[in-house]
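The listed protein sequences correspond, in order, to chains A and B. So the first sequence is residues 1 to 305, counted in the numbering used here. So the second sequence is residues 1001 to 1238, counted in the numbering used here.
Simulated from the structure, these hints should not be mistaken for lab results. Just so you know, even glycine gets a beta-carbon here, dropped at the ideal spot from N, CA and C. A hint or two may mislead.
To be verified - Pairs of lysine-lysine residues, derived as PhoX-like cross-links and limited to a Cα-Cα distance of at most 25 Å, are as follows:
#  : chain 1 : residue 1 : chain 2 : residue 2
1  : A       : LYS128    : A       : LYS305
2  : A       : LYS252    : A       : LYS305
3  : B       : LYS1049   : B       : LYS1216
4  : B       : LYS1032   : B       : LYS1187
5  : A       : LYS178    : A       : LYS220
6  : A       : LYS106    : A       : LYS56
7  : B       : LYS1061   : B       : LYS1093
8  : B       : LYS1184   : B       : LYS1032
9  : B       : LYS1005   : B       : LYS1180
10 : B       : LYS1093   : A       : LYS220
11 : B       : LYS1018   : B       : LYS1184
12 : A       : LYS187    : B       : LYS1049
13 : B       : LYS1093   : A       : LYS305
14 : B       : LYS1032   : B       : LYS1126
15 : A       : LYS178    : A       : LYS106
16 : B       : LYS1126   : A       : LYS305
17 : B       : LYS1093   : A       : LYS124
18 : A       : LYS128    : B       : LYS1093
19 : A       : LYS3      : A       : LYS106
20 : B       : LYS1093   : A       : LYS252
21 : B       : LYS1187   : B       : LYS1201
Said to hold, decoys possible - Over 10 Å on every C-beta distance to chain B, these chain A residues come out as not near it, computed from the model:
#  : residue
22 : MET1
23 : LEU6
24 : PRO49
25 : LYS128
26 : PHE148
27 : ARG216
28 : ALA235
29 : LEU285
Stated by the list, open to error - Derived Cβ-Cβ restraints for the label pairs, each shown as a range:
#  : chain 1 : residue 1 : chain 2 : residue 2 : range
30 : B       : ALA1181   : A       : GLY17     : 44 to 54 Å
31 : A       : GLU10     : B       : GLU1197   : 53 to 63 Å
32 : A       : THR291    : B       : SER1135   : 25 to 35 Å
33 : B       : THR1027   : A       : ARG276    : 52 to 62 Å
34 : B       : ASN1173   : A       : HIS197    : 16 to 26 Å
35 : B       : GLU1230   : A       : ILE256    : 57 to 67 Å
36 : B       : SER1107   : A       : GLU10     : 38 to 48 Å
37 : A       : ASP221    : B       : SER1073   : 21 to 31 Å
38 : B       : GLU1230   : A       : ARG276    : 27 to 37 Å
39 : B       : SER1135   : A       : HIS197    : 27 to 37 Å
40 : A       : GLU294    : B       : TRP1170   : 32 to 42 Å
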Amino acid sequence: MNKTELHMLEAVADLHGVPQGAYNIRKNGEGAGRQSTANITIETKTDKPGIDIIVKPGTKNESVHIPVIITQSGVEELVYNDFFIGDDADVLIVAGCGIHNSGDAKSEHDGIHRFHIGKNARIKYVEKHYGEGEGTGERVLNPVTEIFMDENSFCEMESVQIRGVDSTKRNTTARLEKGARLVVLEKLMTHGNQIAHSDMVIELNGEGASSQIISRSVAKDNSEQVFYPRAVGNAACRAHVQCDSIIMDDAKIRSIPEIAANHCDANIVHEAAIGRINNDQLLKLQTMGKTEQEAEEIIINCFLK
Amino acid sequence: MLELKNISFNVADEKGEKDIITDVSLTLEDGKFLVITGPNGGGKSTLAKLIMGIEKPTGGKILWNGTDITDMSITDRAKLGIGYAFQQPPRFKGLSVRDLLSLAHGSDLPEDQCCAYLTQVGLCSKDYLNRQVDSSLSGGEIKRIEIATLMARDLSLAIYDEPEAGIDLWSFNMLVESFKAITKTRKESMVIISHQERIMKIADEIAIIANGVVKKKGPTAEVFPELMAEFDNTCSFR
């Protein structure tokens, strides 16, 4: 891999070279390295582009890295990645996509990720999106995430998009069975003329299912963001949706949290807030010797940490 | 040495201009501890903000060690070693207590030092180091952390705006003890805006500000008894 590719790999998956454990690296629309382990098998799909990741029941403390990097201008792809997590497994999954576009043509990666999480299994799923490059070509990422959670399973999903993606349409759905718990942490920063749209539907179908959705975003310059998280309680369950945004410059943000209860013991709460950086926060950091610009950076970095 | 020379501050309101501070002159020698007290709305907090640079005076001059800092920014005053504890400290989402203390210190603060500052303000450091400085903290907790942020700095002048406001009696006791401990070891000059007798008693000097002017300023031994006597004589039926 060249310097740019290694940099992209670090930006999206915190990797300095080939990772430990199972991995699949996709570069400019083609496979660039794969490793399965005794407990985690990665196979190429035969009917459409993409891979199946099969984690054996009971697999503990292992990880799967499946980063995607695009460094050629004009690459457009759609891939399907299915994860089959066996009962009682406990694994870390790191995905992520980085686009370095130095040309004038659009580069786009649309990834459809499906998670089938078995009984009592636990996963942490980290997905980072990043774009850069001096070209005028658009950098587009449209991730679809579908999560099916069996009884008493746990999923923590962290999605981060901090820089450089011109347009993103993110679609996340989850179905939770009895006792399952889903935590989603979405962090997003847009700048320039970027547009980000995030739709989410969480269906809590089993007794004792619970979900916590936390969305933190910062919109700068002329960028636009729309959030539409929905939590639907179909059983005795608990859900909390929290959308918090900092708006700056000429940006626009719409936040439309929706909660629905179809069972009298469903307990669902939402909170949403959009606002500028609080002036007292800036003043406080200035009284510690920071300039106004430094203070602003500290506040944003903490907010998205 | 801090010198306020003929400081005035007025704001525009519907009737024209309203004087908040009028021709105030005050001096604070190095290493001294001054309590500024007086009735609500008298201009005390404004005076503290004028010293820190959060507000700019409409007249007069502020000198710090002989340098005119009247037009200096908050950041530059902070770099000269002036610090300010807010009456209502802001909260920060995503910032831990340890991060905040490190920011105040100017570099990453070792855990044991963070713990020492938190203990001094009566907080069990282990419980607080990784807590977020957000709305999960109570009013008393955030005030004590605010005071710890000033301790974590190497200051020449520390200004506290009503440190007792919004905290309960137990936290207040702890706070007085903290200030007693600070006064024993401190080298910096200190200005505390306060209504509390117990804080006034440990000061070197007291200034009474009312209606935007200095009504009285002098050593605590002189001003404190007079102030107390004034309250004792307010009931005409005695």
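Checked hints:
no. : hint                             : in the structure
1   : A:LYS128 - A:LYS305              : holds, 13 Å
2   : A:LYS252 - A:LYS305              : holds, 22 Å
3   : B:LYS1049 - B:LYS1216            : holds, 20 Å
4   : B:LYS1032 - B:LYS1187            : holds, 9 Å
5   : A:LYS178 - A:LYS220              : violated, 41 Å
6   : A:LYS106 - A:LYS56               : violated, 39 Å
7   : B:LYS1061 - B:LYS1093            : violated, 37 Å
8   : B:LYS1184 - B:LYS1032            : holds, 12 Å
9   : B:LYS1005 - B:LYS1180            : violated, 30 Å
10  : B:LYS1093 - A:LYS220             : holds, 18 Å
11  : B:LYS1018 - B:LYS1184            : violated, 41 Å
12  : A:LYS187 - B:LYS1049             : violated, 36 Å
13  : B:LYS1093 - A:LYS305             : holds, 9 Å
14  : B:LYS1032 - B:LYS1126            : violated, 33 Å
15  : A:LYS178 - A:LYS106              : violated, 43 Å
16  : B:LYS1126 - A:LYS305             : holds, 22 Å
17  : B:LYS1093 - A:LYS124             : holds, 23 Å
18  : A:LYS128 - B:LYS1093             : holds, 21 Å
19  : A:LYS3 - A:LYS106                : holds, 22 Å
20  : B:LYS1093 - A:LYS252             : holds, 21 Å
21  : B:LYS1187 - B:LYS1201            : holds, 19 Å
22  : MET1                             : holds, 33 Å
23  : LEU6                             : holds, 28 Å
24  : PRO49                            : holds, 38 Å
25  : LYS128                           : holds, 17 Å
26  : PHE148                           : holds, 31 Å
27  : ARG216                           : violated, 8 Å
28  : ALA235                           : holds, 29 Å
29  : LEU285                           : violated, 7 Å
30  : B:ALA1181 - A:GLY17: 44 to 54 Å  : holds, 52 Å
31  : A:GLU10 - B:GLU1197: 53 to 63 Å  : holds, 60 Å
32  : A:THR291 - B:SER1135: 25 to 35 Å : holds, 27 Å
33  : B:THR1027 - A:ARG276: 52 to 62 Å : violated, 39 Å
34  : B:ASN1173 - A:HIS197: 16 to 26 Å : violated, 53 Å
35  : B:GLU1230 - A:ILE256: 57 to 67 Å : holds, 59 Å
36  : B:SER1107 - A:GLU10: 38 to 48 Å  : violated, 26 Å
37  : A:ASP221 - B:SER1073: 21 to 31 Å : holds, 26 Å
38  : B:GLU1230 - A:ARG276: 27 to 37 Å : violated, 45 Å
39  : B:SER1135 - A:HIS197: 27 to 37 Å : holds, 29 Å
40  : A:GLU294 - B:TRP1170: 32 to 42 Å : holds, 37 Å
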